[in-house]
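Participant: Residues per chain are reported as follows:
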Amino acid sequence: MNRQEAEIILQRTFKLSRFYDEQWTTIEKILKGERVLLIEKTGYGKSLCFQFPAIVHKGTTVIFSPLIALMRDQVKKLKTLGISAKCVNSEQTPEENSQIINDAKAGKIKILYIAPERQENSEWIEATRQMNLSMVVVDEAHCISVWGHDFRPAFRRIINLVNLLPKGLPVLATTATATKKVELDIAEQMGSNLSIIRGNLMRDNFKLFVITVNSEDEKLIWLGKNLQQLPGSGILYTGTRVDTEIYSKWFEFLKIPSSGYNAGLDAESRIAIENGLMKNQWKCVISTNALGMGIDKPDIRFIIHTQIPQSPIHYYQEIGRAGRDNQPSFIILFYNPEDKKLPEAFIEGGRPSISKYEKVITAVKSEMLGERDLMRRTNLKQNQIRVIKADLMEQKIIREVTVGRGKKFEYITGAPQLNTKAFEELRASKTRDLDKMIEYVETTQSRMKYLCDYLGDSSTHSFNNCDNTGLKKIIVSVNDEWTQKLQEFREDYFPVLEVETRGTNLINGVAASYYGVSNVGSALHRSKYENGGDFPDFLLKLILKAYRKKFGQEKFDLILYVPPTKSGDLVKNFAMKVSQVFKFPISHNLIKQRATSEQKVFENAYLKSDNVKDAFMIKTPDEVKGKTILLIDDIFDSGATIKEIGRYLSNLGALKIAPLVIARTVGGDLV
Amino acid sequence: MNKESAYWIALAHLPRWGHLKINNLIIKFYHENKLSIEDFFQLTESDWKNQYGIEYKEIEDLKKAKSELANNAFLAESLNNEGYELIPITSPEYSRTLKENLKAAHAPALLYVKGNKKIMQEKSIAIVGSRNASDKSLEFTDNIAKLASKEYKVVVSGFAKGVDKQALDSAINYKGQSIIVLPQGIMTFGSGFKKYYKQIVDGDVLVLSTFFPKAPWKAELAMARNPIIYGLADEIYVAESSDKGGTWSGVVDGLRKNRKIYVRKPEPNENTANNLLIQKGAIAVDFNGNPLIDYKPSLAEVNQLSLNEPTVNYENKILDLLKTGEYAVKDIIKKLQLTWSEKKLRDYLKSKKEVETINKKPMRFTMKDSTIKQKSLFD
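Chains as they are written, first to last, in my numbering: chain A, 43 to 713; chain B, 11 to 389.
Keep in mind the hints are simulated off the structure, nothing from the lab. Watch out, some of these pointers could steer you wrong.
[What the hints assert, rightly or not] What follows is a set of in silico ranges between Cβ atoms, one per label pair, in the way DEER data are often shown: (1) B:R106 / A:E165: 38 to 44 Å; (2) A:M43 / B:K267: 54 to 60 Å; (3) B:S101 / A:A229: 23 to 29 Å; (4) A:E137 / B:S259: 47 to 53 Å.
[To be verified] No more than 20 Å apart at the CA atoms, straight line, and that leaves these computed lysine to any residue pairs for SDA-like: (5) B:K13 / A:R171; (6) B:K204 / A:G448; (7) B:K204 / A:L411; (8) B:K205 / A:T455; (9) B:K205 / A:V443; (10) B:K340 / B:Y324; (11) B:K204 / A:E409; (12) A:K249 / A:L269.
Idealized CB from N, CA, C, for every residue including glycine.
All chains should be modelled from the sequences, with the hints used to inform the complete structure.
Facilitator: Spelled out as structure tokens, the structure:
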């Protein structure tokens, strides 16, 4: 097929008049059965490079993509063009996915998007043996590279698959974010016979700003004052989920329409928020950078970061979603030199100590273990296990196999020793990347040029679309009015404790604060571990406010408190004060019937649950029958203790149990 | 990971081609024409016809296999992900013993393995025998496995009940190495991998299959893997055989191929066909596997086992047993140590007027008008 013929089909099916040159070059190679790595900026039109050949080919085209929201959008668009396209991912029900896989087997689907994790699905595995496959596409191909910013182990399998495919079956890998190093890595992994087509990554409709601040407060204040002044709607990226909540509540307090978005939301909620953003229902959506990548809105007018990302390529990727319609878009990065600590912690703490790796290796050598059993056996946090297992799999020391309906890790016969040098190299590389990000912040040259140079874009274009090259610098000014507002907000916002469990009469409770935020944590620490005496009064005031916010004027029949393991009478004395203020009766009869270790010794929730199981007993069970109970404690972490007590009291006939604690820790454990 | 896996899977399982045809093709393209398997599949149909003399029907087979290469790629990736390795006959890792013993006529083009492949390079012995082996046979098996492990010889067995399992467990017990030759596709081995996990991880057990990875157990596959067991071994020891079934046909086949096969000298009055095999050319060995060169079973000893019609003795024994209650054929065979196949016994019993067939699950038999109707032990 020559270009004219192709463009006739293009016109007819996709309603577009012609291809860009690089699109045609790519498509021509694909139609010849070759392999191509296509690196083009967001909004270029990479999708056409696989959608067009897909409809020309007889069989099915399979597209591996990690972006569920994007998949959904593309499938929708293709449907309106009359092309049979479907996706298989975790958002859909197993029944839906099954049906789609069956249709693919029967040849009813032309274009099939599949999330890489689905490769483990047994029905998919069956279907691949029978599907008539014409082409394989690997979207977001940078996920193949450990040197990239978003390495995903599931992509390893995709690469293995690509290397096993027969000659003559076309393969297209695409990405919008690849430095030269990543480009070379991908090329090496995909083997020889690969053409690399790389376009220009610059985005000249961006207006790039960096706002230097001295505190978190300054960020909150500037946003409070100026968010509504920005055009259109956009995205606010924060560094942690807790921050997402805090900014979200702050905007709520200021009556700025916004919505928080995070990995913990169910599919329905996520879709609802994405739809709301598309319809400009909110001024902004607040999210951690773990999400939001898939939102395919053409007119995102601003992207703001409150936390410095780990590298310029992370940054480029995250801001890449803005202004796909080529209209001016505001790109703002807040920077407080303190903020460096978070990514530094990721890099340093990113890897557990070597002894922990060895614990895992020893455990798996003696027995095939699933993740939960591994956590129990080694007493390691879920996050740590996940990092360790990924590294061990990467180094081919262990592998994950399917056993029945679950997955277990097995030790690979004849595996090499743990290569710790690789970790060092990776850590050094990540540190360099972070330094480069700080350089972006501190540069006095064109910011766009800095990013383009970092990415390896070759361009002599001179940019003046940032606050170093003509645009006015943004400075934060703090006045009393706003300081006051912030104070009011701080005393008005209390984290909810989600402990409602089926089969118990626990209801959600509240904490006076997050542990690490503000001075609550340090006050607690002083009393508990530094002989600072009873918990200070301001904590009492705060917890009363929290109570009023959550429970209003509701009364409880009885106050109980969690008996201590080590910290003596602190909680008891505190609970007595609460009892005095509310005038709810208090009972001291809830005790520990067996010794438990301090929960904080246990790194993960499974062990914490085990630790407190059946540990509590009330000497006078009639006291709680038919009563509503306010359960007080100082710290809420995994909630294992509260849940165990709640279960126990429910079995004794308590009507309602609500937890009220001083501080909630961040980064709980189980998802 | 073998990048040509998809091609090898296609070639090794060409329907109705058989080992000889496949291996001859490999010799031609790989050794004579120095083409990789990928290059071979890229040739045109006329190349296949003219350069390789491949006929129409086979060209269709190759074309179909070629159209399924992408599908094989998915399977190969799955195999790789679960830790299975593919070893084609052209690979230096392919068992030399297997190649030499089976040659082009019978050597499988592709091996699926999991575990320490180096085990295939060591000296090896196979221990085979019936599923319903006597205790004497199992003791013999254990002893041979012990001796083999002492001499650092690998024990090859088929993972069936009875002698095979004994051979494996004994080898493990004596800290020797083993190869398990599966009567099914390697991906269906499931619980076996769990049971022998430690040994596989430690490098002492290699699991091997020559069948399509997802093929479930079938009697034909169980038969087909026996030559593989023999092929992987330098020496073969038979603990016990009847005059029909897998073990018997394996030995007969081996003798036909001029393999040296050692058979345990049976005890007097044993109901086995060991003496018959010795008469056919197998070498009698004592409990320690030492050849008994001067042992020549007498005619009577050889005919301990009748070959065709049941002897009167057995008939009476069976009918006597049925007088005491209801029995399923399996139970009768076990109790009386018969060497009959279940089908043969069932047909015989159905043909006897005095025997009543009871249609339960499993089917049972008893004497009509038995005066004593005891409850069977197996009720």
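Participant: Each hint: holds or not?
Facilitator: Consistency of the hints with the structure:
At about 41 Å, the beta-carbon gap between R106 (chain B) and E165 (chain A) stays in the expected band of 38 to 44 Å. Roughly 57 Å separates the CB atoms of M43 (chain A) and K267 (chain B), a value that falls within the hinted 54 to 60 Å. For the hinted restraint 23 to 29 Å between S101 (chain B) and A229 (chain A), the CB-CB distance of approximately 28 Å keeps it satisfied. Remark: the range hint 47 to 53 Å for E137 (chain A) to S259 (chain B) is upheld by a beta-carbon distance near 48 Å.
A threshold of 20 Å between alpha carbons decides the hint, and for K13 (chain B) with R171 (chain A) the separation of about 18 Å falls inside it, so the pair holds. Pair hint K204 (chain B) plus G448 (chain A) holds up; C-alpha atoms about 13 Å apart against a cutoff of 20 Å. Taken as a hint, the K204 (chain B) and L411 (chain A) pair is honoured in the structure, with Cα atoms around 11 Å apart against an allowance of 20 Å. At roughly 16 Å between alpha-carbon atoms, K205 (chain B) and T455 (chain A) fall within 20 Å of each other, so this suggested pair holds.
Among the hinted pairs, K205 (chain B) with V443 (chain A) is consistent with the structure: their alpha-carbon atoms are about 15 Å apart, no more than 20 Å. For the suggested pair K340 (chain B) and Y324 (chain B), the alpha carbons sit about 16 Å apart, so the restraint of at most 20 Å is met. Proximity of K204 (chain B) to E409 (chain A) is assessed by CA-CA distance (about 9 Å); at most 20 Å being required, the pair is judged to hold. Distance check on the hinted pair: K249 (chain A) and L269 (chain A) sit about 16 Å apart at the alpha-carbon level, within 20 Å; holds.
Checked against the numbered hints listed earlier, the structure breaks none of them; every hint is satisfied.
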